[in-house]
Amino acid sequence: MSGRAKGAGEEAEGEFAHVLRFATLEEAEATLRRLDGMWREHRDAGDRAGAERVLDLAREGRRRAQMIAGNRRVAAEKRAEKEEIRQWFRVWLEAPETFFDWLELRKASVEFGEKFGGATRQG
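Quick note: the sequence shown uses our numbering, first residue 65, plus one each step.
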């Protein structure tokens with residue numbers, strides 16, 4: 065490992081490393097909360113490149129969730145969970161300002177309760 069100091073780009077990459085975690089619905093919600101906080105920080109600081117990088121991460125999360133949801137080798141229950149997570153990423157990308165209000169309503173819905181048994185019901 066080199067003894068040189070990290071450059072600004074490397075420090076920024078560190079901020080984005082290992083953010084996308086969504087093995088469970090709870091983990092997906094925590095990931096979206098982290099992404100939302102990062103996005104707001106960059107946006108509020110006028111850092112368009114940083115804000116766009118956060119959006120790119122969310123798009124990647126949506127793509128990864130969609131790939132797992134469509135994989136027939138994955139158990140049906142896990143595919144349904146990943147499809148739900150894909151939708152969460154989609155809604156956050158479309159409406160980050162209202163996403164968490166929407167998420168609380170979604171988790172309180174009868175359909176969600178029937179599918180996931182009340183997982184992540186507390187916000």
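By construction, these hints were calculated from the structure, which means they are not laboratory data. Warning: the hint list may mix true and false statements.
Said to hold, decoys possible - Label pairs and their calculated CB-CB ranges: (1) Ala109 <-> Trp166: 19 to 29 Å; (2) Ser173 <-> Ala140: 37 to 47 Å; (3) Glu178 <-> Asp111: 40 to 50 Å; (4) Arg127 <-> Trp166: 15 to 25 Å; (5) Arg136 <-> Gly110: 12 to 22 Å; (6) Val174 <-> Glu105: 12 to 22 Å.
Just so it is clear, CB atoms sit at the ideal spot from N, CA and C, and this is done for glycine as well.
Hint check:
{"no.": "1", "hint": "Ala109 <-> Trp166: 19 to 29 Å", "verdict": "holds (26 Å)"}
{"no.": "2", "hint": "Ser173 <-> Ala140: 37 to 47 Å", "verdict": "violated (20 Å)"}
{"no.": "3", "hint": "Glu178 <-> Asp111: 40 to 50 Å", "verdict": "holds (42 Å)"}
{"no.": "4", "hint": "Arg127 <-> Trp166: 15 to 25 Å", "verdict": "holds (21 Å)"}
{"no.": "5", "hint": "Arg136 <-> Gly110: 12 to 22 Å", "verdict": "violated (45 Å)"}
{"no.": "6", "hint": "Val174 <-> Glu105: 12 to 22 Å", "verdict": "violated (36 Å)"}
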